[in-house]
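Asker: Listed below are the residues making up each chain.
There are 2 protein chains.
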Amino acid sequence: MTSHAISTTVADRPGMMYGLTKVLAAHEADIKYVDIHQGDPHSEVYFEFTLTDSSVEAVLRDIRELPGVSRAGETPTFGKIYGKRIIVMGGGAQVGMVAMGAIAEADRHNIRGERISIDTIPLVGEHDLAAAVRATARLPRVKLLVLAGSLMGGEITAAVKEVRETGLRVISLNMAGSVPEAADLVVSDPVQAGVMAVMAVADTAKFDLMRQLKRRY
Amino acid sequence: MTSHAISTTVADRPGMMYGLTKVLAAHEADIKYVDIHQGDPHSEVYFEFTLTDSSVEAVLRDIRELPGVSRAGETPTFGKIYGKRIIVMGGGAQVGMVAMGAIAEADRHNIRGERISIDTIPLVGEHDLAAAVRATARLPRVKLLVLAGSLMGGEITAAVKEVRETGLRVISLNMAGSVPEAADLVVSDPVQAGVMAVMAVADTAKFDLMRQLKRRY
Chain A
11 MTSHAISTTV
21 ADRPGMMYGL
31 TKVLAAHEAD
41 IKYVDIHQGD
51 PHSEVYFEFT
61 LTDSSVEAVL
71 RDIRELPGVS
81 RAGETPTFGK
91 IYGKRIIVMG
101 GGAQVGMVAM
111 GAIAEADRHN
121 IRGERISIDT
131 IPLVGEHDLA
141 AAVRATARLP
151 RVKLLVLAGS
161 LMGGEITAAV
171 KEVRETGLRV
181 ISLNMAGSVP
191 EAADLVVSDP
201 VQAGVMAVMA
211 VADTAKFDLM
221 RQLKRRY
Chain B
11 MTSHAISTTV
21 ADRPGMMYGL
31 TKVLAAHEAD
41 IKYVDIHQGD
51 PHSEVYFEFT
61 LTDSSVEAVL
71 RDIRELPGVS
81 RAGETPTFGK
91 IYGKRIIVMG
101 GGAQVGMVAM
111 GAIAEADRHN
121 IRGERISIDT
131 IPLVGEHDLA
141 AAVRATARLP
151 RVKLLVLAGS
161 LMGGEITAAV
171 KEVRETGLRV
181 ISLNMAGSVP
191 EAADLVVSDP
201 VQAGVMAVMA
211 VADTAKFDLM
221 RQLKRRY
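As you go down the protein sequences, you meet chains A and B in turn. So the first sequence is numbered by our numbering: it starts at 11 and just counts up by one. So the second sequence is numbered by our numbering: it starts at 11 and just counts up by one.
Treat the hints with care, as some may be off.
The list treats identical chains as interchangeable, and a pair is accepted whether it falls inside one copy or across any two copies.
[Stated by the list, open to error] With a Cα cut of at most 30 Å, we get these calculated DSS-like pairs of lysine-lysine:
# : residue 1 : residue 2
1 : Lys171    : Lys153
2 : Lys32     : Lys171
3 : Lys94     : Lys171
4 : Lys94     : Lys42
If you're looking for bench data, these hints aren't it; they were derived computationally from the structure.
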């Protein structure tokens, strides 16, 4: 089985995705990731997939014959470039401090060959935050979520429980509300929370923080 | 024309995307975004699309009839939740400071109804950075790139010129190398660079920073 990434330039009209996925299905490609970058009159569509029998050259040849396709070629995968993602969300002041710790620690691991990106959204309000927590489970390459705030509970706690069931790990700052109870790990210092988040997902880290289930720092 | 987002649970096997996009094509859905969250034996596939004549109920009904589909329903769009993205890349110390400024400023705009996320990758090396810069043009919802380092040039500069041609705006820290020459805006203070990045993409900002083309601060 071989992994590939291709990028195609196609006319921006309904049905193009159907044409592209029809070719991929004919080659029994297992599609792992799709990205659409819409433009007018042309859009870029990017696919990551694995092949068992077919060659990527054969896939590209068939795609280039589709009406509306103006270009198709191989490209490096996002996984190779952006790697694992840690998402930090909550109030701006605390999200910023967690991000500082996480970015500094990710730098140390990325220099040794890891690829860890830190993504953040400063966001307030129970409903908006709960929706953002639930959405992380649908985002690609997300390994861990850090909740950085002073008070989180209610619907956010319910969302944390849901995403943990899908396998996502959650670190919470030590804060008011029921979110810390629902998290894998609770950390008081936001910079340390960021550092620990990176240690938890890095293959280059020397030990597994998440074994210390439900510990508080 | 109406915008919709749906999430489906499907068997993890080749050909499922083809089946799903075939239904969407039959309803003349214009697909804007696709996300695959792979699991075993079931994967989640998420679509954002617009419809002109069909209803989302009709689309969901046809999708539920496909072999291998165990669930399909409407869901809020990522655009509503995560909104516009600013990507910060470069050396850890400087990426952290830019992120601090951008997160604090995004907080102020998000409270007033904007949705701006700050995504970062601490990364060094001409080749890796150039590849990451080129990849931003293929990532969804990215509005602006901030390059935070002390020395960037060569292949990175070539990549900056390429992504600017696709419409992406680029802010560079004032640094050694040829990247500042290729950027839209050059800023010396990393915190201010982050703040300005958010001001440049926020609809809630009072003026357009990018009009000050090629200015240095």
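Asker: Check the structure against each numbered hint from earlier and tell me which ones fail, lowest number first.
Answerer: Per hint list: single violation, 2.
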